[in-house]
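Here's the letter readout for the chains.
There are 2 protein chains.
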Amino acid sequence: MNEALSILLNKGTSKSYSKKEFIIRQGETSNKIYFVKHGVTRHYVLTRDGQEKTIRISLEQDFFYSSIVSYFKNEASYIYCQCLTDCDLIYWESSLIEELFKEYPDLETFKNQQLINFILEKHTREIALITQNAEGRYQQFCKTRLDLFNRIPHHIIASYLDITPETLSRLRSKKS
Amino acid sequence: MNEALSILLNKGTSKSYSKKEFIIRQGETSNKIYFVKHGVTRHYVLTRDGQEKTIRISLEQDFFYSSIVSYFKNEASYIYCQCLTDCDLIYWESSLIEELFKEYPDLETFKNQQLINFILEKHTREIALITQNAEGRYQQFCKTRLDLFNRIPHHIIASYLDITPETLSRLRSKKS
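Which chain is which? The protein sequence lines are R and G, in order.
Its first residue numbered 131, the first sequence is counted upward by one per residue in our numbering.
Its first residue numbered 131, the second sequence is counted upward by one per residue in our numbering.
The reader is advised that the hints may include incorrect statements.
No distinction is drawn between identical chains; accordingly, a pair holds when it is met within one copy or between any pair of copies.
To be verified - Here are the simulated BS3-like cross-link-like pairs (lysine-lysine), alpha carbons at most 27 Å apart as the crow flies: (1) K273 <-> K203; (2) K252 <-> K273; (3) K145 <-> K304; (4) K183 <-> K232; (5) K145 <-> K273; (6) K252 <-> K203; (7) K252 <-> K183; (8) K149 <-> K183; (9) K203 <-> K304; (10) K232 <-> K304.
Just so you know, these hints were derived from the structure itself, not from any lab.
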């Protein structure tokens with residue numbers, strides 16, 4: 131484990147969550163960053179017709195803001211963040227994070243790399259949604275996250291891949 | 131102008147581009163960051179049926195990677211980056227950027243803020259595409275970028291807003 135990560139983890143607060151428990155709901159304001167020790171979480175928004183649209187799935191070793199736009203703009207969140215399994219998380223309040231950055235300047239580089247990783251993940255998904263068909267997106271997902279099919283409801287993976295649960299089921303039976 | 135930006139701009143290379151000229155094409159590898167002194171550029175990808183889908187529009191004072199995934203993963207770009215007007219840009223090669231970060235540690239904080247701005251822009255657009263209808267997205271665009279209608283082809287704005295050119299035309303005539 132690198133030094134920056136080790137310092138961060140030691141300064142954070144551990145908290146356990148139950149499956150389906152919310153980390154943030156739409157309308158609340160985000161002021162925390164989280165690290166996943168154990169479990170799976172998702173970020174989702176409500177579509178215009180009230181459907182839940184999953185836009186991010188985080189698992190062990192991932193960092194996430196409960197709502198990144200809310201965190202940086204200090205405004206109410208559009209996003210929900212929810213545990214998909216029982217979870218053990220570590221969190222830091224924004225005021226503590228700012229103190230840690232002043233105390234340990236090396237953390238700036240670490241944060242920078244985390245932001246870049248987040249951008250690459252978002253960008254790769256955005257491009258996949260435009261350039262790949264359902265099967266291509268499903269196959270790409272299976273390459274890195276196949277084990278999630280045993281951990282979380284499949285309709286949430288379907289939403290994340292922007293396909294219907296029926297199409298996902300068809301693709302899975304085709305493969306096996 | 132803050133000091134970090136001033137240092138950066140002085141160390142970059144100026145280059146003029148003509149309208150429609152490409153900064154990067156699909157298949158090429160990105161190793162440069164750009165700043166827009168004057169003009170408008172866009173990033174786009176090709177959809178599965180060969181249509182151009184605009185995913186980002188940059189203008190004066192914006193920084194952009196010619197292709198951010200290509201830049202950080204050192205792989206061929208999926209993205210095209212093209213000038214929509216005659217442009218005066220400043221660019222930095224990745225090797226120079228790394229040297230500057232070593233020489234001026236304060237730039238790390240500046241870069242960090244740029245990455246956060248980029249994430250907020252991408253995230254806000256992603257959520258708008260899910261939660262707002264065509265009119266909502268059009269009105270949001272008009273709030274900050276109304277002048278672009280006088281500078282770039284409207285079908286490109288329509289593509290960016292994920293609506294048809296006909297819908298955009300209807301929304302514009304409705305407003306006036």
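Hint-by-hint comparison with the structure:
1. K273 <-> K203: Answer is between; shortest inter-copy Cα gap is 17 Å, intra-copy 35 Å.
2. K252 <-> K273: The answer is both: 17 Å in one copy and 25 Å across copies each meet 27 Å.
3. K145 <-> K304: neither (40 Å within a copy, 52 Å between copies)
4. K183 <-> K232: neither (37 Å within a copy, 42 Å between copies)
5. K145 <-> K273: neither (31 Å within a copy, 41 Å between copies)
6. K252 <-> K203: both (19 Å within a copy, 14 Å between copies)
7. K252 <-> K183: Close inside one copy (15 Å) and across copies (17 Å); limit 27 Å.
8. K149 <-> K183: within (18 Å within a copy, 38 Å between copies)
9. K203 <-> K304: neither (45 Å within a copy, 32 Å between copies)
10. K232 <-> K304: neither (53 Å within a copy, 52 Å between copies)
The structure is inconsistent with the numbered hints 3, 4, 5, 9 and 10, although it conforms to all the rest.
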